[in-house]
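The task is simple: from the sequences and hints, build the whole structure.
Chains as they are written, first to last, in the working numbering: chain C, 1 to 310; chain Y, 311 to 877; chain U, 878 to 1340.
Everything labelled a hint here was simulated from the structure, so no lab data went into it.
By construction, the Cβ of each residue, glycine as well, lies at the ideal position given by its N, Cα and C atoms.
Residues from chain Y shown here face chain U by an in silico Cβ test under 7 Å; the list is partial: (1) Glu608; (2) Asp658; (3) Gln734.
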Amino acid sequence: MWQYTLKRIFQGIITIWFIATATFVAMHSVPGDPLSSERATTPAIRANLEERYGLNKPILEQYALYIGSFLKGDFGISFTQRNRQVNDIIREHFPVSATLGILAVTFAALGGVLFGALTALYRNRLPDTIIMFLVILGISVPSFVFAALGQLLLVNINNLLGFSLLPVAGWGTVAHMLIPALVLGMSTMAYVTRLMRSSMLEIIHSDYIRTAKAKGLPAGRIFTRHELRNAILPVVTVLGPAIATITTGGFVVELVFAIPGLGRFFVQAVQQLDYTVIMGTTVFYGAFLVTMVILVDLLYGWIDPRVRVQ
Amino acid sequence: MSSPTGAEEGFNRSASRQLALYGVFAVLGFTLLMFGLNFAAGLTSTQVGGVAGAVDVENNEITAYIRQDPPQLNTTGAADAISGIVLGHIMEGLLRYDEHGDIAPGLAESWELDGNRAIFHIRDNARWSNGQPITAHDFEFAWKTTLDPATASQYAFILYAIKNAAAVNAGELPLSEAGIRALDDHTLEVVLEQPIAYFDKMVAFTTYFPINEAFFRSTNGRYAADADTMIYSGPFKLTSWVRGASLRLEKNPYYWDHDRIRLDAVNFAYITEDTNTLLNLFKDGRIVLADLTAEMLEGAMQQRWILDRFMDGSVFFIDFNHRPGRVTGNLNLRKAMQLAQDGNELVDRVIKLPGYLPAKSLFPVWLKGVERTFQEEYPPPVPEYNVALAREYLEKAKQELGLAEIPPLVMLADTSPVATISAQYYQQVFRKNLGLELVIDQQIFGQRLAKMEAGDFDIVLSGWGPDYNDPLTFGDYYASWNLNNRGRYLNPELDAQVRIGQSSLDPRERMDAFGRIQQILFDDAVFIGNYERGKLYATDPRVKGIIRRAIGAETDFTAAYIDADGR
Amino acid sequence: MNEPLIPALTPEDFTPVHQREDVHGLSRPSRSYWQDAWWRLRRNRRALASLWIVVGLLAFALIGPLLWRVDPARQDIDQISQAPGADRSAVIVAPYQPWSGQPTAAAPVQEGVLRLGDVPTSQAVRLVWDALPGASGYRVYRNDYPIDAGMAFGLPIIDVMASGGGHYEDRLNLRPGTYYYSLVVLNEFGEITDRYETRQVEVPRVITEDEVRQRGLVPEEQALALGDTVYLAFHPLGTDYLGRDVLARLMSGARVSLFIGIVAPFLYVLLGVIYGSTAGFIGGRLDQLMMRFADFVVALPFLLFMILFQVVFGLGPGQSGIIPMMVALVLLQWPATARLVRGQILQIRQEAYISASRLLGAKTWYLVLRHMIPNTLGVVLVTLTFAVPNAIFTEAFLSFIGMGVAPPTASWGSMSNEGLATMLTHPHELMFPALFISLTVLAFNLLGDGLRDALDVRMRSVE
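In structure tokens form, the structure reads like this:
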């Protein structure tokens, strides 16, 4: 097991290196550069800027320098926020995105498993119909519409009550977290619910459950030990990528709810071709993602011993 | 579907019980996680302003928003509108713009412009926010730092009016050769390349703000990276800056004119560009003002909000590619396009936000001429909307170009909502009136600039905002040496007028030159004016004296005060 | 004991017994796996209904434009953001003439300081006013609602910094209805005071004969006179922010959204299934390598590569950007499916029946085709049904940040995004595209459910 874990970590590092290289190549093949601004720069000023950011060096040297400083854990200085280290940007804004992401995924996983199991138990009956209707709403409304409608609803509730039940936007307290997390986790929860329902139905009709029932095992025990635990398997597989998508894809929610997450800075960086920020966040997210995937694989092995690599 | 058997019913009941238990644990766990994460976040990142209302009468402070995190507050490089709003509150230069947009004394109590030499006399009571006096050396240091090639300031060119500044910035001359010298602690001498009439207006720009050398060195290259790595010369000081989330400004007791400032603090507690979010925050009583879009007006009137408007100074227009070999180099084609569109329709029917005005000239309505506004003194020639005439011009153009049909023109545009609407609107207008096909090439910021730079377009939706309150800030846009002239319009006659505008000291002669530039641009159909951008905003009735303007900080709370009984 | 061990055989023993035909006959028709699945699907009413919805949506996209022949790019400037069923009548008036500022002969006679300078129409509302003592200037406001206490006069239309009487012509987005114009006195600092006068103005919708002819609102031969009433173009689902027909745009948007929403997920799920089952089945080093490559692809920044594909595939001027978006989706979105399928395959590989089948000499391809793929099909189909909205949403998200299909191409996602801005005042611009998205998603979900039930071998024993 330890050897396997170590091997996975080593492979992860190679993956990250690949990501860094691919991003570097991709970024530099897009026309334009981060030094362009609406106000044209004179050749002298441009030369100063290129010198400062090392953009006048040959591309391979830039790559070597970049990989070198990346190995030292230094992602450089942002092009668009001239005074800021990329490390600081990640350090300050990733925890915000991560908080939101963790809450959203937790909500999605807990809610999804709960509702999925419920719908499977009451297949084609009222609870199933109601929940599946909500699930369809959850997955069929685009996230930005959902976020905007959620916020609008909140404002109207606040106006109706005459005081602020929950803040409309902003960040910093527990009250600020709830609605954005729910909005962000909604579509994933719908997805998990459906996956859970489908996987649960398969299990319910499987032979070993019939055997367990025939043996006379207590219903609660069959349900939690055999049905729930086995049905969660496919759910766990999607959770790894889901955490990643949610954490990186929180841009809409971050924008609508004025939350200082990394997503906003990343989208801004891509649009302005802020090389260092793109590289830094991509490598960081890559590392984060690869770690998540490895963790999920290990977790998968733990839940289902048969999958564990010998 | 078979009805469940009794046994299955029993099983389900038992399983449901388990699930209910599980649900309770899930809710508990989720809540716990929320508090736990908040606790952890409190340790790793800074706390963000809570849920205060827009107006705090007790503490005499207000809460507002900004659209983006200020890219940088280091005045050697900051030049964007967002940083400008914050810097307009926390820093002051030798001169400043007052509430009417006129030049007023700032840290300099008096100044003399004498040919190519300017002398500024700095106040005795000018103090940094740490109590140290602000001296002429602080200005000398700041400006020279901006010109230092190692600083790599993107906005160094705004200092190029100073003697040797361009050469110093290019690394051809040492820093000491720049024409900036502190004669003593209170006297700053500036030598210019040539006499210029509008230098006082440039001095109010952010790049001309002071920096204290000793403090700058003590920050080890982190100057202005944080609230505590900066000292302030303006009415407010920055006491907290949580990146991407909030800024808090408190009254600066050392500010020389602190009696003028009536608020104790201003919170920029929300940073977002989403107009719906801002509307919701305003509706919820969290912010003192909010810019509105055309779609929000009905609701705003229904809510009985107090609405106001202002021009933000920028002019937007269709720029042609004048490079050789482009069909848009043909005057008659440009004339045809100019005549084929109704200048009012875009603003009145499509954008439909009061505050926007049709752009009749490159020189916006608010610019001052000699005595009255520039447009009053030099009424812009307005192209009449005449489709029949436009078609005649088009025929002429086809003959001159030797083309049976004008090939589809590439219209480069950015991705902002107004540009998206305008691009589609013009596509239809030219198709309908001239049978001319426009293909829209919508590109994000950097790619659009790269294409503009490379001349990879026929027409481009472009815009220009002012740096200082003088017509020259617009007037030199089409000068052949101006790199912003990305259509590469070339006209020696226009260049000559621009040189007069740059070098003449006689206001009348200068304005005449700008008047002639306006005429040349019209006669040559160099561009098609789209709109002058305006903004319509709702304000909290309890806050008075908010200034919004084209030049200087776009939103200015330095003269604002709370009137708790305000309706 | 002396009886023989084997009884003596007679020739009769070798005659065939009476053949019974009915034993060999099948009481039910024989059905293959897919025939059975189809039969089961047809029995599922919800699935069948959604299948029809999908067919309907495809027809809407492909046949719709042939029936509703309105150019989705045509802008009807007279009817911007018009709700369905709004009044379309307009009165014919003379063409617009610039105004000198003097009240015309037709101007209604009115008392008060603020008066109309001409008959108000949706073409222009012309106001004149007399000097008020002590005024340094005036600000004209326009409001949809009567003015009550407070300073909420509505929209500030214009500031006139002249103390004498004045005039103003308002042409800003005039719609038929009632307006309340206010003239507010400004003091010498240009600040508003509490002295004001309000005038209520009824504005009818008007149109000029030229415009009627240009837009083809009446038959060519019909004569028109001033004062006649004509009806503006009919838009069954209203118009958008540029006066374009929402129904026509929904149809052309359907082509884009359904193309991206169906083709892209189909391709990347297929890619994911092939990739994942290969990795899962072969296992070992290759599996490890393949999965690491999947991790690598997952971690690539979607936005950046989206832009890159736009450049590589040349999102030139006038192109809609659908192809780069498709390529980006297919090349970047498959790993999730691949991981899922691989997980399933790994699980199935351990099953006893696979070992049994292998012992019986089953070939690899047989195992994959016969056992692995049918057994993963349920999960894959659920993934696919969710991939459809995912692809549609990705497209909408890209529109949201200004990197979606290029204007004037319409898609449901970009239409919802644009509708968001007018959500409060013209909800139809958001509602219709959102409704179509929801309908598509719903249909694909129910269809996926039905397919899953129909295809899943294990489900056969149930119900």
